[in-house]
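Protein chains in written order, with the numbering used here: chain F, 1 to 238; chain L, 1001 to 1238; chain A, 2001 to 2238; chain R, 3001 to 3238; chain H, 4001 to 4238; chain B, 5001 to 5238.
If you're looking for bench data, these hints aren't it; they were derived computationally from the structure.
Treat the hints with care, since some could be wrong.
Okay, the calculated bits of chain F under chain L, using three or more residues with CB under 8 Å as the criterion [what the hints assert, rightly or not]:
#: 1; segment: 81 to 92
#: 2; segment: 186 to 195
Ranges of calculated distance between the beta carbons of each label pair, as one might list FRET restraints [stated by the list, open to error]:
#: 3; chain 1: A; residue 1: Glu2205; chain 2: R; residue 2: Pro3011; range: 50 to 56 Å
#: 4; chain 1: F; residue 1: Glu46; chain 2: L; residue 2: Glu1103; range: 47 to 53 Å
#: 5; chain 1: L; residue 1: Gly1106; chain 2: B; residue 2: Ser5236; range: 22 to 28 Å
#: 6; chain 1: A; residue 1: Ala2077; chain 2: L; residue 2: Glu1103; range: 45 to 51 Å
#: 7; chain 1: F; residue 1: Glu46; chain 2: B; residue 2: Ile5003; range: 24 to 30 Å
#: 8; chain 1: F; residue 1: Arg209; chain 2: L; residue 2: Ser1151; range: 22 to 28 Å
#: 9; chain 1: H; residue 1: Pro4004; chain 2: F; residue 2: Gly83; range: 54 to 60 Å
#: 10; chain 1: B; residue 1: Gly5204; chain 2: F; residue 2: Glu46; range: 27 to 33 Å
Backbone N, C-alpha and C define an ideal beta-carbon position, used for all residues, glycine too.
Protein chains: 6
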Amino acid sequence: MTIPRDFNRGPDDLRPINIQRQFTPAAGSILYSCGDTKVLCTAVVEENVPKWMVGRGKGWVTATYEMLPASTGSRKAPGKPDGRATEIKRLIGRSLRAAIDMEALGERAVHIDCHVLNANAGTRTACINAGYLALCDAISGLIAAGLLEKSPIKHSIEAISVGLIEGEGRLDLYYKEDSAADVDFNVVSANGVDLVEVQGTAEGEPFSRAQLDSLLDLAFVGLKRLKTLHQEALESRP
Amino acid sequence: MTIPRDFNRGPDDLRPINIQRQFTPAAGSILYSCGDTKVLCTAVVEENVPKWMVGRGKGWVTATYEMLPASTGSRKAPGKPDGRATEIKRLIGRSLRAAIDMEALGERAVHIDCHVLNANAGTRTACINAGYLALCDAISGLIAAGLLEKSPIKHSIEAISVGLIEGEGRLDLYYKEDSAADVDFNVVSANGVDLVEVQGTAEGEPFSRAQLDSLLDLAFVGLKRLKTLHQEALESRP
Amino acid sequence: MTIPRDFNRGPDDLRPINIQRQFTPAAGSILYSCGDTKVLCTAVVEENVPKWMVGRGKGWVTATYEMLPASTGSRKAPGKPDGRATEIKRLIGRSLRAAIDMEALGERAVHIDCHVLNANAGTRTACINAGYLALCDAISGLIAAGLLEKSPIKHSIEAISVGLIEGEGRLDLYYKEDSAADVDFNVVSANGVDLVEVQGTAEGEPFSRAQLDSLLDLAFVGLKRLKTLHQEALESRP
Amino acid sequence: MTIPRDFNRGPDDLRPINIQRQFTPAAGSILYSCGDTKVLCTAVVEENVPKWMVGRGKGWVTATYEMLPASTGSRKAPGKPDGRATEIKRLIGRSLRAAIDMEALGERAVHIDCHVLNANAGTRTACINAGYLALCDAISGLIAAGLLEKSPIKHSIEAISVGLIEGEGRLDLYYKEDSAADVDFNVVSANGVDLVEVQGTAEGEPFSRAQLDSLLDLAFVGLKRLKTLHQEALESRP
Amino acid sequence: MTIPRDFNRGPDDLRPINIQRQFTPAAGSILYSCGDTKVLCTAVVEENVPKWMVGRGKGWVTATYEMLPASTGSRKAPGKPDGRATEIKRLIGRSLRAAIDMEALGERAVHIDCHVLNANAGTRTACINAGYLALCDAISGLIAAGLLEKSPIKHSIEAISVGLIEGEGRLDLYYKEDSAADVDFNVVSANGVDLVEVQGTAEGEPFSRAQLDSLLDLAFVGLKRLKTLHQEALESRP
Amino acid sequence: MTIPRDFNRGPDDLRPINIQRQFTPAAGSILYSCGDTKVLCTAVVEENVPKWMVGRGKGWVTATYEMLPASTGSRKAPGKPDGRATEIKRLIGRSLRAAIDMEALGERAVHIDCHVLNANAGTRTACINAGYLALCDAISGLIAAGLLEKSPIKHSIEAISVGLIEGEGRLDLYYKEDSAADVDFNVVSANGVDLVEVQGTAEGEPFSRAQLDSLLDLAFVGLKRLKTLHQEALESRP
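Only chain F is shown next, with the shape it has when bound in the complex:
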């Protein structure tokens, strides 16, 4: 195996995950690290929805994604989201909206703002995971404040990357693996078993249907484990 795994991991191991809730006083504020990738995702509730949604009795969830300048090896000058950031924030938003019964949420918006503090691959999946936890805390806050009677959360949301490295499937790629992967998949699940979003790209040569199947198998190993870890984090005292 030319490219060793970090943290002495086997092909289907996740990186060590660390979750800190209430990192700042926002409604949801999750400091989430997955190996050397570290993100801060916050949730803020606004008691209104975008103009085009007013009067429909439904809520909304938005997402932003930003890499801090010092989060990568060479400094990333701050500024407008580039194409990659735009693509990622749309993925995060779609994934988190799948968690919510928008009618049960009512006409309010939850804004999930994702900040990559350190990038070592897997930042978009880390943001979906941390964003889901921030969303849960914000919803709990609405219930505690008497603004919601019961939770509009329909499903738990989990996200993980898988890739093909030298013909072998690996779960939860870190930077060196990510750079070398022939195929790169990001899979977002509901409740660790159903699918919310599948995005796979051939980085070099096209891949076969059989390779796709084995990568999805591997993804579900991680997604189920994440569901449990997130559940535990939400049940512990923050």
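Fit chains L, A, R, H and B to the given chain F structure using the hints.
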């Protein structure tokens, strides 16, 4: 079936496809219609590459995606690409780069500019298909001009959408189907058999692994057919 | 004559003109070619007017002008309209507004979006001509839909360029002539006989009043011919 | 006559003109008022040309046009030049470039920056006139500094507006006339006798060729007078 | 003394000040020069306030700051305010708002637009001084028009720079001094005796508390003199 | 005392300060909290300087300042720095550049990026303090890597706010105090004793010279204490 198919199609039929090459004098210029969706994709070759690629002996393929203001029911004000357009141009670019051996292309760039003249769903897949044909014509032009000895095209590229409508898989969705789909997949193939990009999104409820499998089966029915149609178009006199 | 005319034209001949109506399903959609210059102009009607016009009982006509990246020899990067495009879209808008009785149009806006598919000089006049035809089709659509009782079109609009090449006046310049012209005039007429806009610029040395007069004579030869061609196109079945 | 002229003028009278040279220490700095319209035009010389002109041995003249926020009745918020300002700065630039033998100027740029301090119509023609004087002073400075042996100025440049008010031609419109004009012409001359730019627009109904002719006659009355006034200003001690 | 003072000034002398009121027809329009620094500050009144202030019964004062392209030695390309201009316009705005009893002003805004015609250091303090005078004239206009019964001006506002040059304090620095200063202070007073804003920066080495004290002493010498000069200007016939 | 101090503080007490070094792997990465205000400041070194500084043998220090959307009570939409942020990043940059002997730093840039995670007043001074510590760690990294022989740090830098609340001076204002302050001062010191920057603003009525003096006395109480705390943090194992 609540939502009828257009053009009296069965679930695994493509919409009628019309391909006009050399629509304008650009190196590649493809007017491509797929049912009521109509796009114009051009290819322009520049004998240089982006600054960050200079000196590597490799070429590059870029893509842009723009909806003309009159292409949709309500006028779309012109301006900067929005988030959706950014996501799509990145998908088109990645897909078309998969067609090319960049070292064989040499240090030059092919710019694929995609213009949606009329939108009736499937514009991104139509642009990938038309962009592939424009790319082929531009490459032929380079060979005819003696700038390339042999073609750097490694694979043909095809793209199609599939979706789940009321539990049934359908190929090549038109607007009414696209709006009603529970799951929306865009699949890009190489040579009609291997995979270059898979993007699937649950529009409403999460979907199962089994549903994903049957949608991919359906996609390949269309991708194979497209490969043949494109081949025929390229072999005919423009 | 150092610079030959294209299409074996005499000094007061127009380039061959080709008009295709209903090129896309928009309210007006004109594919218009004038020699090797090819434009697509669409018309979209919105049942409201800009904020500063609300409540005056009058309509409005707007125009945009965009060159597609592949429309010129070297690729034109897409983006915000530059100074030239801004100047041209204002000319198109003013010219087309002269066609319309705004009170008869009522509080609605017609948006004329002009796209240059291939540029071989005369793109602004081609856009005024095609824009006028798209405007007519959009108005016919309003009448057919019962939204207007009678047409608010007061005048037909025609536009042509004339120039001085080596002391000789020429009608409807193509690219080589346009680059070499000492004086460049764009003339917009109403009904082929009256004037809506006159714009003349000395590209090299100043020109005399007598030269201006002979150029205007030449312009009217073309404007009258255009009036007839446009009339025929509008009367034919699209 | 429904709309009286200001300053008790006859139809072919100019407004009172006041010219102050060296208003600030810039190479050229002209405070120019024409009735209640007041502009400040400066000229700055840079010993280089835009990138696309380097190495051709030719100079360049650029222009900008800006209305100060307090220059109009209702405050004009500062910001990017709008469409009108873009159109005007291009007109000023073309007009002033016609004054100069670019090879004799050599590879340097003269930047003419026009600021409208108070607007009472005719701001674009006032800026061309003041810009021409600022250009002359900047050229004189280059000669005085030994950077140029002889003047590259080929022609004097003058600009004036004329319009049709209730069927009558009037020279040098002020605001009330400008708002009421049926036709609005701006004419730029060389040496008060030849033409550099002609721009005429029907504000309401189209105008006839005969009306155009009489408006041009009227314009030349003013252009000749301006040539003399500018000559006197340049010959007086600033 | 290595760097001589301009105008044969002693260390605590101001530069010669020249004030011209009603330079243009705006509500307030002050041409103010301080040695070779020359600014034009205008005041425009709008009978509304920013959206976030509506309904509070209070007025507002805004400021902008712009350097004309020809105001400095090398031409300053026009465009968006840079960081320095942003900082300065905020300082001007805060300083002038301190002059006004916002409730007495009522729900209207006074916009102070500052244009630097020539820059020889001290432009921000010149703009505060000229802006104050423009504000006074605009307020007088409101009173004359019967829109205000009595003046909402609570304090006169004055501003001056002081600096340390080779260990010596100097009042009202000109360009050469400003470039060489070790410490640069801008002090804004009310009525020439109290403080509205103090901004001091060590340009090279840190400065001591004692140096700060002596610089403030010097500043008040100038501020008191300015108060008198401004008073005289306001009492003279414009 | 109408507005109580937080943390049971006396008027000249700082809020509790917590400093975490190496929060992320960047060259400098300081998580700094001061009461409920929490900032993350990173330092990244680039081995080049801005274009206008190349070849002078001197280094540079830049700063950015950004409030995270969830850092304030109502969500702050991300985007371009507003006027306040521009003013603050300039203050941070100037303050930190005062710490460094630029010739000893050599031609390299240190970028200090400041992110406000939670805002409870005093964010700009917290960023200067945290930025100074991040700068120190980045410099230590350069020395450890053999890129610098000795430290170019000339002075320690400290920053604190002081204000007048109901006539009483208070050190290190928190949000409620900041909103109610009549005068707001930010003072930046070198080594806790000399002055680098003084910025004081009357929020309501002008203040007297005597009040300024007492506020500066109070500021130095805090600045000296900060110098010690920072020293201890830098000497502890991160």
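Violated hints - listed by number, lowest first: 3, 5 and 6
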